[in-house]
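So the protein sequences, as listed, match chains A and B. Quick note on this note's numbering: the first sequence kicks off at 3 and runs consecutively. Quick note on this note's numbering: the second sequence kicks off at 175 and runs consecutively.
Read the hints as simulated data drawn from the structure, not as lab findings. Owing to the predicted nature of the structure, the values given are computational and were not obtained by experimental measurement. One or more of the hints may lead you astray.
[Said to hold, decoys possible] Output of the computed footprint for chain A on chain B, the stretches with three or more beta carbons under 8 angstroms from beta carbons of chain A:
(1) 195-205
(2) 209-221
(3) 321-335
[Said to hold, decoys possible] Calculated lysine to aspartate or glutamate pairs in the DMTMM-like style (CA-CA distance at most 20 angstroms, straight line):
(4) 322(B) with 42(A)
(5) 259(B) with 357(B)
(6) 322(B) with 48(A)
(7) 358(B) with 269(B)
(8) 315(B) with 291(B)
(9) 358(B) with 346(B)
(10) 39(A) with 364(B)
(11) 315(B) with 42(A)
(12) 33(A) with 217(B)
(13) 33(A) with 333(B)
(14) 200(B) with 26(A)
(15) 331(B) with 233(B)
(16) 320(B) with 233(B)
(17) 315(B) with 279(B)
(18) 259(B) with 53(A)
(19) 308(B) with 346(B)
(20) 211(B) with 362(B)
(21) 211(B) with 48(A)
(22) 243(B) with 321(B)
(23) 320(B) with 26(A)
(24) 203(B) with 48(A)
(25) 54(A) with 347(B)
(26) 308(B) with 279(B)
(27) 33(A) with 260(B)
(28) 331(B) with 217(B)
(29) 322(B) with 333(B)
(30) 315(B) with 48(A)
(31) 203(B) with 42(A)
(32) 358(B) with 61(A)
(33) 54(A) with 26(A)
(34) 33(A) with 195(B)
(35) 39(A) with 26(A)
(36) 272(B) with 346(B)
(37) 200(B) with 48(A)
(38) 243(B) with 233(B)
(39) 352(B) with 362(B)
Backbone N, C-alpha and C define an ideal beta-carbon position, used for all residues, glycine too.
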Amino acid sequence: MKRILQLLAVLVLVSAGIIWLATDANRGWTKTSVMVKTLDPVTGIEGISYEKKFLPGVDFLGASVVGAGVLAGISLFFRNQKQTQPKTETKP
Amino acid sequence: MKLIHLIPLISLTAAAYAAPETFDFKDPKGVNNAVFKLDAPLESVNGSASGISGTVTFDPANPAATTGKIVVASDSLTVPNPMQKEHLHSAAWLDTAKYPEITFEVKSIANVKTDGDVTTADVTGPFTLHGVTKEITVPVKFTYLKDKLGARVPNLKGDLLVIRANFSINRDDFNIQKGQSEDKVADEIDLNLSIAGACAQ
Numbered sequence: 003m004k005r006i007l008q009l010l011a012v013l014v015l016v017s018a019g020i021i022w023l024a025t026d027a028n029r030g031w032t033k034t035s036v037m038v039k040t041l042d043p044v045t046g047i048e049g050i051s052y053e054k055k056f057l058p059g060v061d062f063l064g065a066s067v068v069g070a071g072v073l074a075g076i077s078l079f080f081r082n083q084k085q086t087q088p089k090t091e092t093k094p
Numbered sequence: 175m176k177l178i179h180l181i182p183l184i185s186l187t188a189a190a191y192a193a194p195e196t197f198d199f200k201d202p203k204g205v206n207n208a209v210f211k212l213d214a215p216l217e218s219v220n221g222s223a224s225g226i227s228g229t230v231t232f233d234p235a236n237p238a239a240t241t242g243k244i245v246v247a248s249d250s251l252t253v254p255n256p257m258q259k260e261h262l263h264s265a266a267w268l269d270t271a272k273y274p275e276i277t278f279e280v281k282s283i284a285n286v287k288t289d290g291d292v293t294t295a296d297v298t299g300p301f302t303l304h305g306v307t308k309e310i311t312v313p314v315k316f317t318y319l320k321d322k323l324g325a326r327v328p329n330l331k332g333d334l335l336v337i338r339a340n341f342s343i344n345r346d347d348f349n350i351q352k353g354q355s356e357d358k359v360a361d362e363i364d365l366n367l368s369i370a371g372a373c374a375q
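Bound-form chain A, shown alone (with noise of 0.2 angstroms):
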């Protein structure tokens, strides 16, 4: 069990340090939805309409970190496997 949540630990950490690079690295506060500007020609005015997107920021890191601690926090109430040898028979 306890190297199950260290696993599990290491795999949150590399998760969310993977999604953050690969969503623009952020490093504003998380975004749901992203500015779209569109000029109107007659106009000259910039619309703005907002797109659906998950930009994760440094807050998604920071739970992300929290959160893989509390897990490698646990692991530390779960004893390690006594790894039981099997005993070597010394012939006569």
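Put chain B on the given structure of chain A with help from the hints.
Just chain B now, with coordinates in the frame of chain A:
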């Protein structure tokens, strides 16, 4: 044809050129917007509002006589972060349920300069935000686009008036978290208004 028969025609033509026009700023294309920006430690808070309405009466021959009122629906204010948006609309900040409108009314105009279709002026009037009204002066650029409505809305004839304004206000002046949270969000709010109104004929 007797001269007397031409009088109504001449009067109509003269009225068409001289009369002030009333432009409706409820934009069916949804292009009109007001952008706001507040500095914050991690990144600035950038958002926009799209719920714009109101009317402006503008006379290209006499821009100094411009009157009107622009209304922004408070609940149309949007930021890309859902938690920030929730805070922005909440009773602690804009309280959009209690104060559903942000308004600016034209009271007087000064420093009017016209160059072709473009007029710049300093517009003064009451600005209402968060239930607080304060008189402010805003530098405004009017662009009068004669007969351009059809290019934007097919089968309609008329004129367009584009209004652009960049100005700043302080949230303290409008009792928005007055003197509080300045370490999180700046007191100064930069506003950028880009709107087009239509006058159908």
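Out of the numbered hints, which ones does the structure contradict? Failing hints, ascending: 13, 14, 22, 23, 25, 28 and 34.
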